[in-house]
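Line by line, the protein sequences give chains H and R. My numbering puts the last residue of the first sequence at 450; the count rises by one with no breaks. My numbering puts the last residue of the second sequence at 603; the count rises by one with no breaks.
Keep in mind the hints are simulated off the structure, nothing from the lab. Where hints are given, some of them may not hold.
Capping the alpha-carbon separation at 20 Å, the derived lysine to any residue pairs in SDA-like fashion look like this [unchecked claim]: (1) R/K259 with H/F190; (2) R/K259 with H/G68; (3) R/K259 with H/D192; (4) R/K544 with H/D18; (5) R/K267 with H/D192; (6) R/K267 with H/F190; (7) R/K259 with H/D18.
Covered by chain R, according to a simulated footprint, are these stretches of chain H (three or more residues, beta-carbon under 8 Å) [claimed, not checked]: (8) 191-203; (9) 404-416.
Cβ atoms here follow ideal geometry from the backbone N, Cα and C, with glycine treated the same way.
Letter by letter, the chains look like this.
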Amino acid sequence: MVKASSSRLSSVLSGCADTIVAQATANGSGALAIIRFSGPEIQAVAERLCPRLSVARPREAQLVALLGRDGREIDRGVCTPYAAPRSFTGEDMLEAVVHGSPWVVEEVIATSVSLGARRAVPGEFTQRAVANGKMDLVQAEGVNELVRAETRWQARLAREQMHGSLSGRISPLREKITGLRARIEASLDFVDQGVVLSDEELRGALGECIGAVRGLLASFVVGERVREGARVVIVGPPNSGKSTLFNALLARERAIVAPCPGTTRDVLEAGLDMGGVPVVLVDTAGVRSTEDIVEAEGVRRAEAAAAGADLVVLLRSADSPRETVELWGVEKDRILEVISKSDLLEVAPTGEDVMTASCVAEGGLAELREAIERIVLAPLQAHDGNVAINRRHKEALSRAQEHLERSLLAPREVAAEDVREAGEALEELLGLIDTEAVLDAVFASFCLGK
Amino acid sequence: MAGARMGASVAVVTLHLETIGQMPCNPSIGGIGKGHLVAEIDALGGVQGWAADRTGIHFRLLNASRGPAVWGPRAQCDKDRYATIMRRLLLGTRGIDLIEGEATDLVVGGKAVCGVVLADGRRLKAGAVVLTTGTFLGAVLHTGEDRRAGGRFGERPSIGMGRSWVGAGLELRRFKTGTPPRIHRDSVDFARLEEQVGDERPRGFSWRTTGVRNYTPCWVARTPPQVQAIIEENLERSPLFAGQIEGVGPRYCPSIEDKIVRFPHHKEHTVFVEPETRAGNSIYLNGLSTSLPEDVQVAVVRAVPGLERAQFLRYGYAVEYDVVAPRQVGFDLAAEAVPGLYLAGQLLGTSGYEEAAGLGLMAGINAAASVLGKEGARVDRTEGYIGVLIDDVVTRDHREPYRMFTSRAENRLMLGVDSARERLMVAGVRLGLVPERVFHVEQCRWEARRQAITQLEATQLNPNRETVEMVLGMTGVEVRSPTTWAGILRRQDIDIRRVGDTLSGLAHLAPEDREVVIGRLKYRGYIERQEREQSRLVRLRGVKIPAGFGFRSISGLSREIMEEMERTRPRTLSEAAQLAGMTPAALALVAGRLATRGQGGKP
Numbered sequence: 001m002v003k004a005s006s007s008r009l010s011s012v013l014s015g016c017a018d019t020i021v022a023q024a025t026a027n028g029s030g031a032l033a034i035i036r037f038s039g040p041e042i043q044a045v046a047e048r049l050c051p052r053l054s055v056a057r058p059r060e061a062q063l064v065a066l067l068g069r070d071g072r073e074i075d076r077g078v079c080t081p082y083a084a085p086r087s088f089t090g091e092d093m094l095e096a097v098v099h100g101s102p103w104v105v106e107e108v109i110a111t112s113v114s115l116g117a118r119r120a121v122p123g124e125f126t127q128r129a130v131a132n133g134k135m136d137l138v139q140a141e142g143v144n145e146l147v148r149a150e151t152r153w154q155a156r157l158a159r160e161q162m163h164g165s166l167s168g169r170i171s172p173l174r175e176k177i178t179g180l181r182a183r184i185e186a187s188l189d190f191v192d193q194g195v196v197l198s199d200e201e202l203r204g205a206l207g208e209c210i211g212a213v214r215g216l217l218a219s220f221v222v223g224e225r226v227r228e229g230a231r232v233v234i235v236g237p238p239n240s241g242k243s244t245l246f247n248a249l250l251a252r253e254r255a256i257v258a259p260c261p262g263t264t265r266d267v268l269e270a271g272l273d274m275g276g277v278p279v280v281l282v283d284t285a286g287v288r289s290t291e292d293i294v295e296a297e298g299v300r301r302a303e304a305a306a307a308g309a310d311l312v313v314l315l316r317s318a319d320s321p322r323e324t325v326e327l328w329g330v331e332k333d334r335i336l337e338v339i340s341k342s343d344l345l346e347v348a349p350t351g352e353d354v355m356t357a358s359c360v361a362e363g364g365l366a367e368l369r370e371a372i373e374r375i376v377l378a379p380l381q382a383h384d385g386n387v388a389i390n391r392r393h394k395e396a397l398s399r400a401q402e403h404l405e406r407s408l409l410a411p412r413e414v415a416a417e418d419v420r421e422a423g424e425a426l427e428e429l430l431g432l433i434d435t436e437a438v439l440d441a442v443f444a445s446f447c448l449g450k
Numbered sequence: 001m002a003g004a005r006m007g008a009s010v011a012v013v014t015l016h017l018e019t020i021g022q023m024p025c026n027p028s029i030g031g032i033g034k035g036h037l038v039a040e041i042d043a044l045g046g047v048q049g050w051a052a053d054r055t056g057i058h059f060r061l062l063n064a065s066r067g068p069a070v071w072g073p074r075a076q077c078d079k080d081r082y083a084t085i086m087r088r089l090l091l092g093t094r095g096i097d098l099i100e101g102e103a104t105d106l107v108v109g110g111k112a113v114c115g116v117v118l119a120d121g122r123r124l125k126a127g128a129v130v131l132t133t134g135t136f137l138g139a140v141l142h143t144g145e146d147r148r149a150g151g152r153f154g155e156r157p158s159i160g161m162g163r164s165w166v167g168a169g170l171e172l173r174r175f176k177t178g179t180p181p182r183i184h185r186d187s188v189d190f191a192r193l194e195e196q197v198g199d200e201r202p203r204g205f206s207w208r209t210t211g212v213r214n215y216t217p218c219w220v221a222r223t224p225p226q227v228q229a230i231i232e233e234n235l236e237r238s239p240l241f242a243g244q245i246e247g248v249g250p251r252y253c254p255s256i257e258d259k260i261v262r263f264p265h266h267k268e269h270t271v272f273v274e275p276e277t278r279a280g281n282s283i284y285l286n287g288l289s290t291s292l293p294e295d296v297q298v299a300v301v302r303a304v305p306g307l308e309r310a311q312f313l314r315y316g317y318a319v320e321y322d323v324v325a326p327r328q329v330g331f332d333l334a335a336e337a338v339p340g341l342y343l344a345g346q347l348l349g350t351s352g353y354e355e356a357a358g359l360g361l362m363a364g365i366n367a368a369a370s371v372l373g374k375e376g377a378r379v380d381r382t383e384g385y386i387g388v389l390i391d392d393v394v395t396r397d398h399r400e401p402y403r404m405f406t407s408r409a410e411n412r413l414m415l416g417v418d419s420a421r422e423r424l425m426v427a428g429v430r431l432g433l434v435p436e437r438v439f440h441v442e443q444c445r446w447e448a449r450r451q452a453i454t455q456l457e458a459t460q461l462n463p464n465r466e467t468v469e470m471v472l473g474m475t476g477v478e479v480r481s482p483t484t485w486a487g488i489l490r491r492q493d494i495d496i497r498r499v500g501d502t503l504s505g506l507a508h509l510a511p512e513d514r515e516v517v518i519g520r521l522k523y524r525g526y527i528e529r530q531e532r533e534q535s536r537l538v539r540l541r542g543v544k545i546p547a548g549f550g551f552r553s554i555s556g557l558s559r560e561i562m563e564e565m566e567r568t569r570p571r572t573l574s575e576a577a578q579l580a581g582m583t584p585a586a587l588a589l590v591a592g593r594l595a596t597r598g599q600g601g602k603p
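From just these sequences and the hints, can you work out the full model?
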C-alpha cells in the first residue's frame, strides 16, 4: 500500500488525472471477482485489454474476452463501461466481472498497468468521487461504513449517510452560518450606509445555529451505539449461573460450566448481533472475598468490567436470593437485575425491577433477551434514526458549537471571527476545505477498490 | 512627495496645476477600512491624514461603540482648502518640480523606462516613472444620453498614454464610477432633515496634528417610495441600463438607479447631505450617485423630503475609464512588463482617495528607492491594510473598482487604527519620512499602554466586602469570585468613561488610550487563536501546483473559476485561494485533485 502523505501534494505531475485500477471484491478465490478502472485513459486500456468492448455504449454490460500482454485470452467476463461524468467517480470508468481466480485478477490488473493504468490506493475511487463533486466527505464515509457494515443498523445508517441524510442537515447549517457571517461583516463594514444587525437579531440567529448543532451532536449516542455496539457484562456471586446464561445467550458452549463456585476466573468476551446492533457479551468471575490470588484478580477484573459496561446483568441465584453483589459506581439504569435458576423458585419475587430466568427450563430466557435488546437499542428509539454522527463529526460539530457559543458573548468584531471558524469547522466536516489531515484520516480506513 | 523627501529629484506632471488635490467625489477622508489606510499612511509619513485634519469640517468615528479593530475615523473636508493645502505642500517641498502638461508616451531605452514625452514635445528624463492617471485614461463621461470625452467634470481625458502601454505589454480593463449631483445650500430645508453632528471629542488622523474641531453638522435624508417609480420609468434613458456603459462599477457604492433595480424591496434609501466646504454653497448628496438624464435627476432629488426646492449646481455623472488589469505589478508596484515603470492609484483598479494614497505612497517610496539605490518598503498583508491592498492588487483579480473593507484583512483584530503607528512607524523613520523624536514620543505612549495592560491583568480582586463595594461603585459590577481588573474590564457592559477617570491603572492615560487598552484586553484570547490560524495559512500557502496542471480536468468546478485558473495559472494553493470567485469548495477540489494526482508516485 502506498502511504498517503503530504509529500504527494507537491509531487510534480503532468496534466490531468491518471487512470487507476483495483480489484473491488475481496482477495482470494471466489466465483466471481470485480475489477474497477477509473480515469481518462479507459478507452486506450480497453482497446488492448478487451478489444471487443464498445465504450461508445456506456452502461451496457458486454460479454467480451480479456486479453493479456501477449494477446492471449485471460478470461471472458462481463464488462460495463461508464462515461464521465455519469459514473461513481465522475470520470470514465470500466467495471469488469471475471471469474474469481487470483491469477485471472492479477493478470488483468498487470495487463492494464502495462497499458498505462496505475494500481489504486485504498479509498482512491471514493476520493475521486469527492474531488469531482459526486459526493461530499460525509457521504464518502457512508460508503466506507456501508462496505464495512456488519449489522442491520450499521447498514441502515451507513446507507442513509451515503444518500446524504447527514450532509442534508449540515449543508444548510453551513449556509446559514455563512450568511450570518456575511451579515455580521456588513454590519461592521457598512455601518455608515445604514446596515444594521441588532444584537438581539444576531443572538437569535446564533441561537438557532447552536440549536441545530446541538441536535446533531445529540445523535452521537446513536452513532456510537450502532458503530461501537454495547458491552453487556454479566456479574453476580459465585455459582449464580453467569456462564450458563452467557452460553445460553450466545447459543453455544463458549464458557466452561461447572456446579462448583469459582469455575470462571477470567473475563470472557464474545460478540453477537442483537436487534441489528453489535453487542459484546462479557462473562465474569463470581464476586466474593477470597484469599486465592488468581480468583481475587478475577474478581477485580469483574468489577472493572462492570464499571465499563453499557449494561450490567446482575444475577443472583434463586437458591440463595439474598446473596448478591454491591456494584459501586454503576448507575441504577445501567443495571438489569435477574434471578437465575428460576425453576428452583417457589414464589415469584414481588419487586418489579427484578426479572427471572432459567436456562435449564428455558423459562424467562426469551424475555431476558428481549429486555437486554430493549436497553441496548434504547438510544436508537430516542432519536429519529436516520442521522447518527461519528467521532470525526462530533469533534467538528463540538468545535462549531464552541465557537458559536463563544460568539454569543464576544464583541461583534470578535464574534465575526468565531462565526467564521464555526463555518470552517462544518466545511472541514463536509470536506470543503482541504485540510489534508482530514482527508488522510478519512481515506486511510478505506479498503482497496472503493 | 515621499520620493522627494527621501532625497530624489521629482517632477510632477499634471494636466492642470490648479486641479492638484482636487476631490471629484465626496470630499471626505477615511471611514471603515479606509480610515485604517489613512492611519497607516500617516504612520509611514504620508500626508493625507494631516491634510484631512487641517481641512476637516466634520469628524466622526464610525463603529465607536465597537472595539478598536473596527473603528473607522472619518473626516468631511473642505474641498477647496484641501486642494489648496495639497498644492502648497507640493510647491513648498524641496526637490519637486511641478510641470503642467500631458504625458503622452514613455521613453524606453533598452528595456527600461527612462522618461516621458509630453504632448508639446518636451521630453523628461527619469530613472523611474510613477503613473497615476486616476479616472482620466481614455475617460468618457455619461449623463443620460449625453456622452462626452472627459476625465472629470469640465476636464479633458488623457488619451495618448493608453496606447503606449498596451504596446508595452500591459493589459487594460474598463471600469466605471459615478458621482451624485451637487445642490445649493440655500435650497435645502435643513429643518426637515435629520442632523448628524460630529463627535463630541473629535480626533484627527495624524501625529502632526494637535487638535481638530467640527465646524458644521451633516444631515441625513431618505428617498421616498415614489423615487422607485420615477427611476423605473426612465430606466431606458440610463446609460447604465441602456447598455451605453460597458465599464464595471463598484457593487458597494452603487448608483441610485442600481439600488432601485437590485433592491426593489427596499422602499427607501439613505441620502447623506454633506457640505463640500465650510462656508461655500455646494452640498453633496452622498447616496444619490447617478448618471440618469438631468431632468430625471431633478425629479428624483426633488422627491426627497427636505430637498423639494433643490437648486442644482452640478448634475451627477458616470465616468468610464481604463485601468491596468490586476496582477501586472510586483509588490513594489513596478510594472512587471516595463522595468522602471511604477503604477498607483485608480489606474490599478482601486477606488477612493485612501486606496489611491496608499498605493501612491508605496509606489513613490519604491520608485525613489530604486533610483537612489536604497531599500524600498513593503507592508505584508499580516502587517497592515496597505499590505492587504497591495497583496490583493498584485495577486488577486478584482473585476470591479476595489475598495478596502475590514473584512478583507484576515487578522483584522491585530490591525486596528489604534495600532497603525506601532506597526508601521518604524518603517517611516527608516525611510526618513517620520522624525525620530516623534517616534520616541510615540514609543513612550505605546509602552504606557502595554504597562497598563500588564498591570490590569495582574491586579487581583478578591470578593471581600471592601473590594466588592469599591468595584460596584466604580463599575456597577458585583464581584462574586476572584478575578482581576482585566477580567472586569473585558465585560461587554462596562462604561469605560466611568471607570477610566478613577481606576489607577487607567487614569494616567489619555482618554483614547484608555479605550485602546480596554479594547485590547477584550481581544486577548482571540488574538492568540488568530496567531495560530496565521501559521496554518502560511502552511497552506506553500502547497505548490505543478506547471501544466490540468484545471479543466477537475469536474465539479464552475466554468468561471476553471477558466480563471486556466488563465491565471496560480502556482500555489494560496494564489488559487485568492482568485476572484474562489470558494472553499472549489479550492478543496483543486487540493483533492492535487492529492489524487500525487498518489502514484510517478514522475
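Hints, one by one, checked against the model:
1. Taken as a hint, the R/K259 and H/F190 pair is honoured in the structure, with Cα atoms around 15 Å apart against an allowance of 20 Å.
2. Of the pairs offered as hints, the one joining R/K259 and H/G68 is violated, with about 68 Å between alpha carbons and a cut-off of 20 Å exceeded.
3. Of the supplied pair hints, the one linking R/K259 and H/D192 holds, its CA atoms being roughly 16 Å apart against a limit of 20 Å.
4. Only pairs whose Cα atoms come within 20 Å are accepted, and R/K544 paired with H/D18 is accepted, the gap being roughly 19 Å.
5. Of the supplied pair hints, the one linking R/K267 and H/D192 holds, its CA atoms being roughly 18 Å apart against a limit of 20 Å.
6. Between R/K267 and H/F190 the alpha-carbon distance is near 19 Å, which keeps this suggested pair within the 20 Å criterion.
7. Between R/K259 and H/D18 the CA atoms are separated by roughly 49 Å; this puts the pair beyond 20 Å, and the hint is violated.
8. Residues of the segment 191-203 of chain H with a Cβ under 8 Å from some Cβ of chain R number 4, which satisfies the need for three, so the listed coverage holds.
9. Given a C-beta distance limit of less than 8 Å, the hint that chain R covers the segment 404-416 of chain H holds, as 7 residues qualify and 3 suffice.
Hints 2 and 7 from the list above are not met by this structure, while the remaining hints are.
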